[in-house]
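Listed below, chain by chain, are the residues.
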Amino acid sequence: MNSPPHVSHFSLPDLARLARIRLTEAEVASLSQELAKILAMVEVVRQVPLTGVAEPMAMNEALTISRKDEPGECLHRAKVLEASPQANAGYVKVPKVFE
Amino acid sequence: MTALFSDVVGVLSALGQGSSAVMSDTMAGIVKDRCRAVRQRLDIQTSSTGPLAGLPIAVKDNICLEGVPAECGSRILEGHKAQYTSTALARLMRTGVRVVARTNMDEFAMGSSTENSAFGPTLNPWDLSRVPGGSSGGSAALVGDGVVAVALGSDTGGSVRQPAAFCGVVGYKPSYGILSRRGLVAFASSLDQIGLFTRTVSCIPPLMKAMGGIDPLDSTSVPGPKDWSLKDISASTLKVGVLPRKFLEGVQTEILAAYQEALDWFTSKGAKVMEVPMADFDKGLSVYYIVAVAEASSNLSRFDGVRYGLRKSPGALDALYEESRAAGFGPEVKRRILLGTHVLSAGFHDAYYTTARRVQKIIQNQHETSFGLCDVLITPTTASTAFKLGAKTLDPVAMYLSDQFTVNANLAGLPALSVPCGLDKAGLPMGLHFVGRQNDDVRLLSITRAWEAAHPFTARPCHG
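Protein sequences, first through last, are from chains A and B.
My numbering puts the last residue of the first sequence at 99; the count rises by one with no breaks.
My numbering puts the last residue of the second sequence at 1464; the count rises by one with no breaks.
If you're looking for bench data, these hints aren't it; they were derived computationally from the structure.
One should not assume that every hint holds.
If you anchor each label on the Cβ, the simulated ranges turn out as follows [said to hold, decoys possible]: (1) PRO95(A) x GLY1372(B): 54 to 60 Å; (2) GLN47(A) x ASP1043(B): 50 to 56 Å; (3) LYS68(A) x ASN1365(B): 31 to 37 Å; (4) SER1020(B) x LYS93(A): 32 to 38 Å; (5) TYR91(A) x ALA1453(B): 58 to 64 Å; (6) PRO49(A) x GLY1067(B): 51 to 57 Å; (7) LEU75(A) x SER1047(B): 21 to 27 Å; (8) ASP1227(B) x VAL28(A): 41 to 47 Å.
As the structure is a prediction and not an experimental result, all values here were calculated from the model.
The C-beta atom is built at its ideal place from N, Cα and C for all residues, glycine as well.
Make a model of the complete structure from these sequences and hints.
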């Protein structure tokens, strides 16, 4: 249809980098095969004629609500920090970002 | 044990006559946990005066309950305690229900067998060598085994209805938006819905009455029915939609026979059984495995080892993300995140994601057209009864096919439920799948109850 012919081509190391997941060599080998098989399965969607069809807008056409933009109940700072892997002086601690 | 197998109303009357006996049976079943369905035993009841006071319920481990671990079957959330209670669960708890267990699940609700839990698989109460279905397998197994009468699950592509069919219970997914998703850990937000496991269809209305209604904290929530009372339905007035026959190829013989018997029953009562124009029904699974993984790759980016959950900290921030996610996620979650990353990436987005969304619209349109012609769509819930543990773990595509009859209700936001319709030759439960018009859940439940009333499912798993 409106897509490149090599559409099922993918680079697993590139995807892993984008997804921020480190993969072992064994995972790269098995996932490459599995993803190729799944992509072959989903390929069928590209055979459906789509002229004049737009993407769906909402999953339920009934009233979609919006609320006033005003402060309400929110998470408790101490509890949030308690759940963090490492906290220090009221903040979540992460490795140095700037050298 | 009899009271435990009765409906909500029955359990309540039993509670009135001797709640301690019911509770001790329930607690004994949870302690024994022969199906390995329980992640955590609890005993939390916040109201003693509500209409469902004392009713024991189990809750899937991705529905938040403040102060209680919400691990979602994942190492990355092991020990993580929820900071607030989900709206639907909080509303249910106001009725006095007693939360007695958090239940095992496929990691982040990704799976059809509950074998993807980082904490080990759950077993099917009808045959402990088989899967209970998934991803809400723990909740289904506990209700199927008669330990609790009610359990909450979540359903993104069939994760309540498929395990309900495998475990011989009723599994209901409401219309999209009728139950708030606030506090349900997100997998694919446009498809996720909290759902219910019960013994009978009649149990559902009092629970939905308590849980439903608009939630200002979920902008996709809708008001839902004002009156959940089920109506008496005369089958003679019904038009029952069925799929073109080709979509039933490969379905287990006994399930096909049970399905045909159900259609024959409707015909014998004067209903008109008609094939509906659903030419692209079989594309649903492929649409689902593009749209759902795309949303998952985005939703699960929050699990990065920074603010909560598992942290592996080898040095630089990028390495922290990559190592935490590598150690915290299991194989199926990694597979879906990577697939979702691919279908959303530059150069592929239009070919996969946009295309799938447009096919989703076609599927929605075909359902809308079909429900202009019929009142209810009936299919088998699954193509087979519960399979053996390990039978599909090495073949993701075979596992994904478990949801072939259920995903379209999610893609179209429709209400749907699975109801037990007998046992196969191996003594395993089979499920019949009823789908209705959007936001007309009460009519769908009423139609299903009419069928169920004439076909009560009384078989129980053997505790030998």
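Now the hints, each set against the structure:
no. : hint                              : result
1   : PRO95(A) x GLY1372(B): 54 to 60 Å : 58 Å, holds
2   : GLN47(A) x ASP1043(B): 50 to 56 Å : 54 Å, holds
3   : LYS68(A) x ASN1365(B): 31 to 37 Å : 35 Å, holds
4   : SER1020(B) x LYS93(A): 32 to 38 Å : 49 Å, violated
5   : TYR91(A) x ALA1453(B): 58 to 64 Å : 60 Å, holds
6   : PRO49(A) x GLY1067(B): 51 to 57 Å : 53 Å, holds
7   : LEU75(A) x SER1047(B): 21 to 27 Å : 24 Å, holds
8   : ASP1227(B) x VAL28(A): 41 to 47 Å : 56 Å, violated
The structure is inconsistent with the numbered hints 4, 8, although it conforms to all the rest.
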